[in-house]
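A.B. asks: Here's the letter readout for the chains.
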Amino acid sequence: MITGSGILRGLWTTFRHFVKTYLEDLRIGKKRYFTPEGIELRRSPDVEGIFTIQYPEEKLPVPEEFRYIPFLVYDEGVNGEKEIRCTSCGICAKVCPPQCIWIVRTNDPVTGKPIPQPKEFYIDVDICMNCGFCAEFCPFDAIKMDHDYEIASYDRLKEHIFDLERLSKPASYYAQIRPTNYAREEAARAEKEAQKAAARKVNP
Amino acid sequence: MSEQIEIQSPSLTERFPEIVVPDPRAGYGGYMVQPENLVQVVQALKDEMGYDYLSSVTGVDYLPENKMEVVYHFYRTTGGGALVLKTQVDRENPVVPSLTPLFPGAEFQEREAWDLLGIRFENHPDLRRILTWEGFYGHPLRKDWKEPFFEEETKPFKSRWPEGHVYRIEDKNPFHDNVQFPPGFDPEQWSPETDELLYSGLKRVDKTDDFLTEQVVVNLGPQHPSTHGVFRMVVVLDGETVVDLKPIMGYLHRNHEKIGERNTFLQNMPFTDRLDYVCSMSNNFGYALAVEKLMGVQPPERAEYIRVMMAELTRFLNHIFSIGFLLNDLGAFFTPMLYALEERELILDVFEAVSGSRMMCNYFRFGGVARDIPDDVMEKIRKLVLDRLPRKLDEMDYFITNNEIVRGRCEGVGVLTAEQAIALSASGPVLRASGVPYDVRRADPYSIYDRFEFDIPVRYNGDIYDRYLLRLDEMRQSLRILQQVLRDIPDGPIMSGKPQYQVRVPAGESYGRVEGPKGELGFYVVSNGKPNPWRYHVRAPTFINLTSLAEMCRGQKIADVVTILGSIDIVLGEVDR
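Keeping their order, the protein sequence lines are chains R and U. Take any residue in the first sequence, count from 1 to its spot, add 259: that is its number in this note's numbering. Take any residue in the second sequence, count from 1 to its spot, add 518: that is its number in this note's numbering.
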């Protein structure tokens, strides 16, 4: 090999990468930037030339399984009241690897017996490691992982412990961020209900 | 693996009747030997029986029996299973003869055992703390050691539920930064005199020439962009030539193993992601194998294929990343690196879609994987493996391999011979670039690697350039495996049994090892039947590969030290643990 050809090859590769961006611009046109289609193109396995996404003007859509900070799912009742799915069984708190979940049970004021509903529910998001175990092992589909990753705040001491209010999000939101998971769970639940109804019919 | 040990068993116990006895405990394997006979037995293992590779040295604190145990895993570089040797000493004053004179690769691991468990190794050349700092009080992996802010022995903590009230750790912590000092220790008055000790332990050469030059000690790091993190190298320089070098680590130490012993078995899975954060899937793999061995569960077919697929994608990702970084260290600032990052990005997109996170995947479970791969992601993997990645790999090869600067700076630099590499317990690309074709996937096959057709690349010069070329070769082989996986992957379940958050792990020990992208990644797990592991040890490949750093750097120029370190491909999350 001729001395210097190796370096020329490197320069040639860099030059090709540089030019390709403009060729692709000409080929694809204006929709290459700042459109969902263009973003999708720039992350596909066929991408050539420029690769970067101009955050925050452009945002990469996250996949359905993306997990970031848990939230509590509530169903909306007929009168718009929140029916939180959590029964404060505590499995999420037990399985949590860094132990960032605190739960206080509700006790019946008359009998003192526990009611399946959390009185308080805290997640310290500074501790949470986004592993997703709580959502994975929740038997009631009550806690799920969020998609909202832009949670920066100004005050670490006040805003980084999420309480019940901050954690609750409607089931419709859940259905929107995780459509296939939601559909699967709803189907399973409907089937269970049907089984229960059938069992009730057999021996009322 | 167990068959291999069976074949060996007559010879070791026959060779040393009375001295070597099989481990009698249920669920345990290997042999017990008294500390005074250890060196003699190991010498015979090495010289007569071909166990030339000391892979892992670790300690276990058996508090109830008041014993301290040191566990050694020996292998043959020709392949086969482990020979596990154990020796027990009293807990009060544990002294074990050091194996460093026989196997120099034991040096750092013995230092680690001294540091974390307080086992003293006689005849060790440099028995100082390695991961914790010099003023640290106590030996944290001992079962009776407690940090100043101590919550509970094991997770889950009772305070979280059902009457758990939220608090911030720093509000309760007595020192506001979880430190405790030895009695009479005042951090304000303390001067790091151990550094003097360290400097005086370095080799100097007797000057024979007439120049009255001085040999100087230079600290490279801990804050230095070329160290890939917070890592320090103390170098003795004669002009520009390195006379001796000592790596100093532990700046990122968080006692991963103590955390692991407090976690339940499953809770450890996301923590393994944080070891070598570039290849979390491989870490998951090793840990899952170790615990599955104890539990006796077998993942279903599809899960095995998915596991291999993820492990090989990780290998590709890691190698292309490390080549990019190597070029960075050579001065090709970030252009090749960014080309490498593009491919890494596409693979990370795949990881994100299947596991939910790009780097902290937490994807493996005991007896399978967490989620199935959606069809569109499968299509993307297919496109990557069959079209894009081979193309980009060739491009990389085209513009780096014959570059004059790369060749000039890498060829013949940082040489490690095959004998040295084996003796220093190097593994992974460092070992194979030195001419030792040892790869756990072939030598001691795990999962379903025995089904695939692939070669173990090997290079013979042992320099930086060969390590680079070897990584290219390995990526090609990974793609070859991936093509076979994509061809053969069956449909079916991805978990054996129901997913459980509290797994039942029978008492016993197990060592699961995989060929991670950086070398042999092993997890040594001891269970006593409780929900938490009694001992959880990580054989971190890059930590042990660093043992050979000094050997590679001696006689080289100071500028090459940076490149040599880059060619080992360290990740400090794993080195420091």
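Simulated from the structure, these hints should not be mistaken for lab results. Glycine included, C-beta positions come from ideal geometry on N, C-alpha and C. Possibly wrong hints are sitting among the right ones.
Capping the alpha-carbon separation at 30 Å, the derived lysine-lysine pairs in DSS-like fashion look like this [said to hold, decoys possible]: (1) Lys-764(U) to Lys-455(R); (2) Lys-776(U) to Lys-378(R); (3) Lys-1075(U) to Lys-764(U); (4) Lys-776(U) to Lys-676(U); (5) Lys-776(U) to Lys-318(R); (6) Lys-378(R) to Lys-910(U); (7) Lys-279(R) to Lys-901(U); (8) Lys-341(R) to Lys-279(R); (9) Lys-417(R) to Lys-690(U); (10) Lys-604(U) to Lys-564(U); (11) Lys-664(U) to Lys-676(U); (12) Lys-776(U) to Lys-764(U); (13) Lys-811(U) to Lys-585(U); (14) Lys-428(R) to Lys-378(R); (15) Lys-676(U) to Lys-910(U); (16) Lys-676(U) to Lys-428(R); (17) Lys-341(R) to Lys-676(U); (18) Lys-290(R) to Lys-910(U); (19) Lys-279(R) to Lys-910(U); (20) Lys-417(R) to Lys-1048(U); (21) Lys-290(R) to Lys-585(U); (22) Lys-910(U) to Lys-664(U); (23) Lys-811(U) to Lys-1048(U); (24) Lys-289(R) to Lys-901(U); (25) Lys-910(U) to Lys-289(R); (26) Lys-318(R) to Lys-676(U); (27) Lys-604(U) to Lys-372(R); (28) Lys-661(U) to Lys-676(U); (29) Lys-451(R) to Lys-664(U); (30) Lys-661(U) to Lys-564(U); (31) Lys-604(U) to Lys-661(U); (32) Lys-564(U) to Lys-585(U); (33) Lys-910(U) to Lys-428(R); (34) Lys-585(U) to Lys-661(U); (35) Lys-661(U) to Lys-811(U).
Chain U side only, calculated, beta carbon under 10 Å to chain R, not exhaustive [to be verified]: (36) Phe-675; (37) Thr-782; (38) Val-872.
A.B. asks: Does each hint fit the structure? Answer for all of them.
C.D. replies: Each hint, compared with the structure:
no.: 1; hint: Lys-764(U) to Lys-455(R); in the structure: 69 Å, violated
no.: 2; hint: Lys-776(U) to Lys-378(R); in the structure: 34 Å, violated
no.: 3; hint: Lys-1075(U) to Lys-764(U); in the structure: 15 Å, holds
no.: 4; hint: Lys-776(U) to Lys-676(U); in the structure: 19 Å, holds
no.: 5; hint: Lys-776(U) to Lys-318(R); in the structure: 39 Å, violated
no.: 6; hint: Lys-378(R) to Lys-910(U); in the structure: 56 Å, violated
no.: 7; hint: Lys-279(R) to Lys-901(U); in the structure: 20 Å, holds
no.: 8; hint: Lys-341(R) to Lys-279(R); in the structure: 54 Å, violated
no.: 9; hint: Lys-417(R) to Lys-690(U); in the structure: 17 Å, holds
no.: 10; hint: Lys-604(U) to Lys-564(U); in the structure: 16 Å, holds
no.: 11; hint: Lys-664(U) to Lys-676(U); in the structure: 18 Å, holds
no.: 12; hint: Lys-776(U) to Lys-764(U); in the structure: 26 Å, holds
no.: 13; hint: Lys-811(U) to Lys-585(U); in the structure: 25 Å, holds
no.: 14; hint: Lys-428(R) to Lys-378(R); in the structure: 16 Å, holds
no.: 15; hint: Lys-676(U) to Lys-910(U); in the structure: 52 Å, violated
no.: 16; hint: Lys-676(U) to Lys-428(R); in the structure: 27 Å, holds
no.: 17; hint: Lys-341(R) to Lys-676(U); in the structure: 29 Å, holds
no.: 18; hint: Lys-290(R) to Lys-910(U); in the structure: 26 Å, holds
no.: 19; hint: Lys-279(R) to Lys-910(U); in the structure: 15 Å, holds
no.: 20; hint: Lys-417(R) to Lys-1048(U); in the structure: 38 Å, violated
no.: 21; hint: Lys-290(R) to Lys-585(U); in the structure: 70 Å, violated
no.: 22; hint: Lys-910(U) to Lys-664(U); in the structure: 51 Å, violated
no.: 23; hint: Lys-811(U) to Lys-1048(U); in the structure: 16 Å, holds
no.: 24; hint: Lys-289(R) to Lys-901(U); in the structure: 26 Å, holds
no.: 25; hint: Lys-910(U) to Lys-289(R); in the structure: 27 Å, holds
no.: 26; hint: Lys-318(R) to Lys-676(U); in the structure: 41 Å, violated
no.: 27; hint: Lys-604(U) to Lys-372(R); in the structure: 54 Å, violated
no.: 28; hint: Lys-661(U) to Lys-676(U); in the structure: 20 Å, holds
no.: 29; hint: Lys-451(R) to Lys-664(U); in the structure: 48 Å, violated
no.: 30; hint: Lys-661(U) to Lys-564(U); in the structure: 33 Å, violated
no.: 31; hint: Lys-604(U) to Lys-661(U); in the structure: 19 Å, holds
no.: 32; hint: Lys-564(U) to Lys-585(U); in the structure: 27 Å, holds
no.: 33; hint: Lys-910(U) to Lys-428(R); in the structure: 44 Å, violated
no.: 34; hint: Lys-585(U) to Lys-661(U); in the structure: 11 Å, holds
no.: 35; hint: Lys-661(U) to Lys-811(U); in the structure: 25 Å, holds
no.: 36; hint: Phe-675; in the structure: 5 Å, holds
no.: 37; hint: Thr-782; in the structure: 8 Å, holds
no.: 38; hint: Val-872; in the structure: 7 Å, holds
Taken one by one, the earlier hints fail for this structure at numbers 1, 2, 5, 6, 8, 15, 20, 21, 22, 26, 27, 29, 30 and 33, listed in ascending order.
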